[in-house]
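**Q** Each chain is listed here by its residues.
Protein chains: 2
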Amino acid sequence: MGRKIVVIGGVACGPKAACRVKRLDPSAEVVIVEKGEEISYGACGLPFYLEGEVPDVKDLTTTPVGVVRDVNFFKAVKGVDVLLNTEAVSIDRKKKEVTVRNVKDGAEEALPYDKLVIATGSSPVRPPIPGIDLEGIHCLKTLSDGVELKKAMEQAPGKNAVVVGAGLIGLECLEPLLKAGFNVHVVEKLPFALPALLDEEMAVPLMKHITSKGVMLHCGDGVASFEGDGRVQRVVTEKTEIAADLVLLAIGFRPNAGIAKDAGIDTGRMGIKVDAHLRTSDPDIYAGGDCVESYNLVTGRSIYAPMGSTANKHGRIIGDNLAGWNSTFLGVCGTGVCNILGFNVARTGITERDARNEGMEVLTSLCPAPDKPHYMKGSKLIHMKMVAEKHTGRLLGVQILGPGEVLSRIDTAAALLKSGATIDDCFETDMAYAPPFSPALDNLIVAANVIQNKRDGLVRAYTPAEVKEKLDRGEDFVFLDVRTPKELEQMRLPYENVIHIPLGMVRKKAQELPRDKEIICLCKISLRGYEAARILEAEGFNPGKVWLLDGGIVAWPYEKIVNM
Amino acid sequence: MGRKIVVIGGVACGPKAACRVKRLDPSAEVVIVEKGEEISYGACGLPFYLEGEVPDVKDLTTTPVGVVRDVNFFKAVKGVDVLLNTEAVSIDRKKKEVTVRNVKDGAEEALPYDKLVIATGSSPVRPPIPGIDLEGIHCLKTLSDGVELKKAMEQAPGKNAVVVGAGLIGLECLEPLLKAGFNVHVVEKLPFALPALLDEEMAVPLMKHITSKGVMLHCGDGVASFEGDGRVQRVVTEKTEIAADLVLLAIGFRPNAGIAKDAGIDTGRMGIKVDAHLRTSDPDIYAGGDCVESYNLVTGRSIYAPMGSTANKHGRIIGDNLAGWNSTFLGVCGTGVCNILGFNVARTGITERDARNEGMEVLTSLCPAPDKPHYMKGSKLIHMKMVAEKHTGRLLGVQILGPGEVLSRIDTAAALLKSGATIDDCFETDMAYAPPFSPALDNLIVAANVIQNKRDGLVRAYTPAEVKEKLDRGEDFVFLDVRTPKELEQMRLPYENVIHIPLGMVRKKAQELPRDKEIICLCKISLRGYEAARILEAEGFNPGKVWLLDGGIVAWPYEKIVNM
Numbered sequence: 000m001g002r003k004i005v006v007i008g009g010v011a012c013g014p015k016a017a018c019r020v021k022r023l024d025p026s027a028e029v030v031i032v033e034k035g036e037e038i039s040y041g042a043c044g045l046p047f048y049l050e051g052e053v054p055d056v057k058d059l060t061t062t063p064v065g066v067v068r069d070v071n072f073f074k075a076v077k078g079v080d081v082l083l084n085t086e087a088v089s090i091d092r093k094k095k096e097v098t099v100r101n102v103k104d105g106a107e108e109a110l111p112y113d114k115l116v117i118a119t120g121s122s123p124v125r126p127p128i129p130g131i132d133l134e135g136i137h138c139l140k141t142l143s144d145g146v147e148l149k150k151a152m153e154q155a156p157g158k159n160a161v162v163v164g165a166g167l168i169g170l171e172c173l174e175p176l177l178k179a180g181f182n183v184h185v186v187e188k189l190p191f192a193l194p195a196l197l198d199e200e201m202a203v204p205l206m207k208h209i210t211s212k213g214v215m216l217h218c219g220d221g222v223a224s225f226e227g228d229g230r231v232q233r234v235v236t237e238k239t240e241i242a243a244d245l246v247l248l249a250i251g252f253r254p255n256a257g258i259a260k261d262a263g264i265d266t267g268r269m270g271i272k273v274d275a276h277l278r279t280s281d282p283d284i285y286a287g288g289d290c291v292e293s294y295n296l297v298t299g300r301s302i303y304a305p306m307g308s309t310a311n312k313h314g315r316i317i318g319d320n321l322a323g324w325n326s327t328f329l330g331v332c333g334t335g336v337c338n339i340l341g342f343n344v345a346r347t348g349i350t351e352r353d354a355r356n357e358g359m360e361v362l363t364s365l366c367p368a369p370d371k372p373h374y375m376k377g378s379k380l381i382h383m384k385m386v387a388e389k390h391t392g393r394l395l396g397v398q399i400l401g402p403g404e405v406l407s408r409i410d411t412a413a414a415l416l417k418s419g420a421t422i423d424d425c426f427e428t429d430m431a432y433a434p435p436f437s438p439a440l441d442n443l444i445v446a447a448n449v450i451q452n453k454r455d456g457l458v459r460a461y462t463p464a465e466v467k468e469k470l471d472r473g474e475d476f477v478f479l480d481v482r483t484p485k486e487l488e489q490m491r492l493p494y495e496n497v498i499h500i501p502l503g504m505v506r507k508k509a510q511e512l513p514r515d516k517e518i519i520c521l522c523k524i525s526l527r528g529y530e531a532a533r534i535l536e537a538e539g540f541n542p543g544k545v546w547l548l549d550g551g552i553v554a555w556p557y558e559k560i561v562n563m
Numbered sequence: 000m001g002r003k004i005v006v007i008g009g010v011a012c013g014p015k016a017a018c019r020v021k022r023l024d025p026s027a028e029v030v031i032v033e034k035g036e037e038i039s040y041g042a043c044g045l046p047f048y049l050e051g052e053v054p055d056v057k058d059l060t061t062t063p064v065g066v067v068r069d070v071n072f073f074k075a076v077k078g079v080d081v082l083l084n085t086e087a088v089s090i091d092r093k094k095k096e097v098t099v100r101n102v103k104d105g106a107e108e109a110l111p112y113d114k115l116v117i118a119t120g121s122s123p124v125r126p127p128i129p130g131i132d133l134e135g136i137h138c139l140k141t142l143s144d145g146v147e148l149k150k151a152m153e154q155a156p157g158k159n160a161v162v163v164g165a166g167l168i169g170l171e172c173l174e175p176l177l178k179a180g181f182n183v184h185v186v187e188k189l190p191f192a193l194p195a196l197l198d199e200e201m202a203v204p205l206m207k208h209i210t211s212k213g214v215m216l217h218c219g220d221g222v223a224s225f226e227g228d229g230r231v232q233r234v235v236t237e238k239t240e241i242a243a244d245l246v247l248l249a250i251g252f253r254p255n256a257g258i259a260k261d262a263g264i265d266t267g268r269m270g271i272k273v274d275a276h277l278r279t280s281d282p283d284i285y286a287g288g289d290c291v292e293s294y295n296l297v298t299g300r301s302i303y304a305p306m307g308s309t310a311n312k313h314g315r316i317i318g319d320n321l322a323g324w325n326s327t328f329l330g331v332c333g334t335g336v337c338n339i340l341g342f343n344v345a346r347t348g349i350t351e352r353d354a355r356n357e358g359m360e361v362l363t364s365l366c367p368a369p370d371k372p373h374y375m376k377g378s379k380l381i382h383m384k385m386v387a388e389k390h391t392g393r394l395l396g397v398q399i400l401g402p403g404e405v406l407s408r409i410d411t412a413a414a415l416l417k418s419g420a421t422i423d424d425c426f427e428t429d430m431a432y433a434p435p436f437s438p439a440l441d442n443l444i445v446a447a448n449v450i451q452n453k454r455d456g457l458v459r460a461y462t463p464a465e466v467k468e469k470l471d472r473g474e475d476f477v478f479l480d481v482r483t484p485k486e487l488e489q490m491r492l493p494y495e496n497v498i499h500i501p502l503g504m505v506r507k508k509a510q511e512l513p514r515d516k517e518i519i520c521l522c523k524i525s526l527r528g529y530e531a532a533r534i535l536e537a538e539g540f541n542p543g544k545v546w547l548l549d550g551g552i553v554a555w556p557y558e559k560i561v562n563m
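First to last, the protein sequences are chains A and B.
FYI, the numbering for the first sequence is 0 to 563, going by numbering that gives the first Met the number 0.
FYI, the numbering for the second sequence is 0 to 563, going by numbering that gives the first Met the number 0.
Hints are computed from structural coordinates only; laboratory data are not their basis.
Careful, some of the hints might be misleading.
A pair counts as met if it fits within one copy or between any two copies, since identical chains are not told apart.
Cut-off 20 Å, straight-line C-alpha distance, at most; resulting in silico cross-link-like pairs (DMTMM-like, lysine to aspartate or glutamate) [unchecked claim]: (1) K158 - E226; (2) K34 - E86; (3) K376 - D55; (4) K74 - E536; (5) K94 - D281; (6) K507 - E28; (7) K103 - E86; (8) K93 - D113; (9) K34 - D91; (10) K103 - D80; (11) K178 - E147; (12) K74 - E538; (13) K389 - D424; (14) K34 - D69; (15) K376 - E50; (16) K544 - D24; (17) K34 - E96; (18) K453 - D24; (19) K379 - D55; (20) K93 - E107.
Start from the sequences and build out the full structure, keeping to the hints where you can.
**A** So this is what it looks like as structure tokens:
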């Protein structure tokens with residue numbers, strides 16, 4: 000008889016671990032215990048099922064050739080037993096038994112194990128807000144959540160939807176809600192959208208985009224209560240009241256670590272604690288996927304980073320180790336990507352805010368630019384922010400957003416982060432170039448160049464937020480806008496202290512500029528602004544007085560006059 | 000007075016070096032000598048100008064805001080002097096002078112230098128084939144080549160075009176030629192398309208795609224002569240004769256290293272030799288861009304890798320060093336990308352053929368799969384081949400092609416190659432995942448997994464070429480095709496030794512299979528084939544007899560019966 004392996008949880012990590020160990024050790028007896036009706040499904044596809052890109056929810060449970068991954072499939076193909084509608088209720092580590100309960104009839108039994116895998120996933124956060132149990136308030140996590148929400152969208156008594164939480168799931172559901180004809184409000188407690196992914200200055204273009212699509216964004220506002228008579232009719236926030244026929248609660252997820260904690264296994268606020276072999280504090284018990292704490296390779300700290308990609312990798316590593324191999328999973332970089340109403344958003348590593356919270360000194364660059372050579376008709380804007388450690392030049396993180404291509408840049412940055420690369424390594428990366436794909440110097444390389452220039456003392460730059468503070472404090476400085484007159488017509492800063500000299504005239508007219516005030520140079524994206532700053536220094540201006548506005552007028556998230 | 004810096008060549012590396020040193024050292028006197036009419040243009044955009052994606056050739060010479068980068072621009076904005084229509088004819092390294100000649104009036108003068116930059120680029124190869132000087136035979140390198148070719152396409156006496164060379168430029172020009180209504184033939188001396196980028200098995204799907212668009216491909220055939228009366232009318236190859244109203248000669252490029260060689264500077268077959276500082280054998284002379292030999296970070300050998308991206312990076316590094324900094328450029332990974340008639344092709348690192356030529360033992364994987372989760376309507380196929388060093392697991396190269404997304408995977412692989420990553424590092428890379436972008440386990444990660452499985456002895460696989468040889472030798476083995484009956488109807492191998500057992504039945508029916516013959520398992524892409532092989536081993540089949548067909552039937556480039 001082979002060793003008995005029990006796997007708790009049948010969505011991503013669990014089935015992967017079960018099938019992997021069975022491939023490596025066919026003698027193992029492997030059983031998966033899953034409390035739901037379905038096994039091994041693509042939960043991340045749910046927003047696209049709601050929207051119609053995925054025609055049938057069953058598509059999320061099939062293999063690429065259309066075979067349903069059900070109990071029979073797992074038995075026949077994988078040699079793995081599956082118990083559906085079966086909840087694991089407790090672990091007896093001394094006896095090495097898991098007690099499971101049939102959720103339909105309540106019958107309990109004890110499953111003995113030699114090795115156990117906990118892959119219990121996560122649950123949506125449901126804070127104890129008054130009225131939270133009213134009908135019409137939905138979460139989106141499981142297939143049946145998806146089916147219920149889709150039905151609720153079709154049957155809602157009216158067309159007012161409120162999304163609570165401007166995180167990934169909440170924003171990914173804007174498209175299906177708008178497509179279904181809802182008026183959509185988003186309530187987010189933190190002051191900006193995707194607060195876990197982005198720095199505030201990077202969230203601004205995203206928020207403008209979302210608003211431009213007709214969504215009402217209420218950032219920096221929390222839900223006080225849900226009101227209604229049996230079913231939800233209003234969301235009362237700290238600042239306002241919003242009619243609601245449907246509510247999507249998308250505040251985040253919490254690891255399902257209860258069963259592990261109850262069994263005396265080490266857990267933390269961010270889930271079950273595991274080592275690099277994904278072994279818990281009990282050497283016979285492994286854990287992976289959304290229920291465990293991850294290790295952030297950039298900060299060296301524990302984080303909670305529930306991702307379908309990581310869960311699948313965890314499954315493979317656990318499968319290896321169950322079979323007696325010695326495989327490790329060192330950690331994650333916090334990579335994420337999403338498309339919000341046609342606007343791409345991606346992040347890897349840590350934000351500037353994260354880095355400063357870690358006490359790090361950083362250099363950043365802010366580069367809005369086309370994703371392909373500007374002469375290609377199909378080129379589209381992307382905003383990129385890069386964060387590096389000041390003293391070492393080590394890359395810490397990248398944020399990218401806009402209508403243009405983000406995936407190649409974020410994945411490249413993730414690979415660089417994994418290797419502990421510096422911005423110099425980033426510059427040297429031999430990224431692919433051809434006009435239908437990318438500029439000769441990729442946006443990622445330009446972002447690294449800007450940080451190199453700052454590190455090497457070629458330019459001093461203010462972030463938009465720093466300049467805004469100067470304006471608010473009434474500081475005496477001038478903007479030097481070096482764009483062409485035509486560009487100026489299209490978009491300009493609405494302040495009185497703006498001097499306009501097109502770049503080609505800066506050498507000639509430098510003498511007209513004040514030498515006693517700070518000069519903050521800018522152009523569209525601040526590449527010409529940088530040229531202007533270098534010219535002024537060459538013309539003898541005090542370098543300490545010559546500054547650059549990071550990201551130029553395109554990245555300026557505050558007031559501007561636009562006539563496009 | 001500042002130091003005198005002369006830069007020979009005004010396309011990419013030269014202007015970049017000139018402007019960079021001027022920004023770092025405003026006192027420098029910098030002059031660019033360019034033999035053409037134009038400076039600082041996007042030569043890589045020429046195929047897209049021919050095709051119409053770039054409306055005006057002038058767009059290739061403007062900044063992103065539409066300012067023309069002409070002599071005045073360089074003077075006013077960059078502080079750099081430009082001599083157009085001026086050819087550098089010789090370098091006197093003792094006197095530190097460059098002799099230049101005005102190509103219009105032949106007047107010569109000597110330009111003294113403290114530091115010299117050679118950025119003379121490359122020239123199209125024009126072999127001494129009989130008739131090569133006939134009218135109607137074009138190359139594509141400079142802006143004026145582009146303008147002439149576009150005019151020639153409009154004015155050609157007929158609609159027969161022959162492209163000589165199935166390299167990047169030749170294939171990128173298929174789209175403009177087809178759009179302009181030409182019947183297009185491609186003649187390539189080597190046996191397959193993009194021979195410098197791909198292994199033959201990877202070139203097959205590309206060649207099928209090109210042929211499906213109506214292009215006649217003549218691979219493994221060389222041009223014997225061009226014939227015609229003043230203007231070209233026929234291309235006579237070793238095997239056939241093709242009517243031609245227009246010929247595009249796209250055999251490749253050679254570094255313009257003559258002026259350096261004549262001056263006694265070290266040069267090789269692949270261009271001017273430079274160190275990591277891009278300094279030539281003369282410490283006062285730098286060189287960069289298409290005229291220099293590159294260093295391949297994967298093989299540790301010199302290669303010729305003329306790329307606009309590299310040329311721009313070279314310019315920055317040379318600018319730094321001209322200013323007295325100490326910057327290095329270590330090398331390239333041979334990354335390239337292109338879109339051929341809607342089919343993407345990308346490569347980084349080295350091919351299996353390259354690796355074997357280096358005497359390396361390798362492991363490879365061949366993974367055709369959707370670029371997004373299969374349940375997303377927008378998912379498209381990509382073929383990926385990964386090559387790793389057998390003993391160390393070091394990643395050596397990746398080739399990707401198909402209608403789907405290739406850029407993110409190739410750039411990620413390039414970043415991994417740069418860091419000397421192994422396939423285990425590749426697996427652990429925290430690539431971005433969301434259904435509109437990528438599968439939970441990215442294609443690159445799956446490709447690494449397949450190599451891990453081979454390395455770890457979980458599966459023995461044959462490449463399609465190896466299996467084809469077995470067939471041709473008449474070896475006695477069986478194919479085990481484990482796809483569903485429906486899949487079988489759509490596409491199948493036309494051989495008599497194919498046994499069909501759907502994967503779900505393999506455990507039950509294993510006993511029906513021969514134990515004395517080799518069994519080569521396959522499915523659509525060979526993931527289920529791998530499952531089948533594991534099942535057979537678990538059922539006691541001799542592991543040495545159980546094999547996998549790499550890449551499944553999708554990657555099988557030979558005979559197959561298709562009813563789609």
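**Q** One pair to classify: K389 and D424, alpha carbons no more than 20 Å apart. Within, between, both, or neither?
**A** Answer is within: at 15 Å inside a copy they meet the 20 Å cutoff, but 26 Å across does not.
**Q** If the cutoff is 20 Å on CA atoms, where do K94 and D281 land: within, between, both or neither? Let me know, please.
**A** within (13 Å within a copy, 78 Å between copies)
**Q** Treating 20 Å as the Cα threshold, decide for K158 and E226: within, between, both or neither.
**A** within (17 Å within a copy, 73 Å between copies)
**Q** Can you tell me if K178 and E147 fall within 20 Å by alpha carbon in one copy, between copies, both or neither?
**A** within (17 Å within a copy, 50 Å between copies)
**Q** How would you classify K544 and D24 at a CA-CA limit of 20 Å: within, between, both, or neither?
**A** For K544 and D24, the Cα distance is within 20 Å only across copies (19 Å; inside one copy 69 Å).
**Q** Is the C-alpha distance from K93 to E107 at most 20 Å within one copy, between copies, in both cases, or in neither?
**A** within (19 Å within a copy, 94 Å between copies)
**Q** Check K34 against D91 for me: Cα-Cα at most 20 Å, and say if that holds within a copy, between copies, both or neither.
**A** within (19 Å within a copy, 83 Å between copies)
**Q** State whether the alpha carbon distance between K103 and D80 is at most 20 Å within one copy, between copies, both, or neither.
**A** within (19 Å within a copy, 83 Å between copies)
**Q** When no copy is named, should K34 and E96 be tagged within, between, both, or neither for a Cα gap of at most 20 Å?
**A** Intra 17 Å, inter 82 Å, cutoff 20 Å: intra-copy only.
**Q** Cα distance capped at 20 Å. Does K93 pair with D113 within a copy, between copies, both, or neither?
**A** within (11 Å within a copy, 81 Å between copies)
**Q** How would you classify K453 and D24 at a CA-CA limit of 20 Å: within, between, both, or neither?
**A** between (55 Å within a copy, 16 Å between copies)
**Q** How would you label the pair K507, E28 (within, between, both, or neither) given a Cα cut-off of 20 Å?
**A** between (82 Å within a copy, 18 Å between copies)
The structure shown violates none of the earlier numbered hints.
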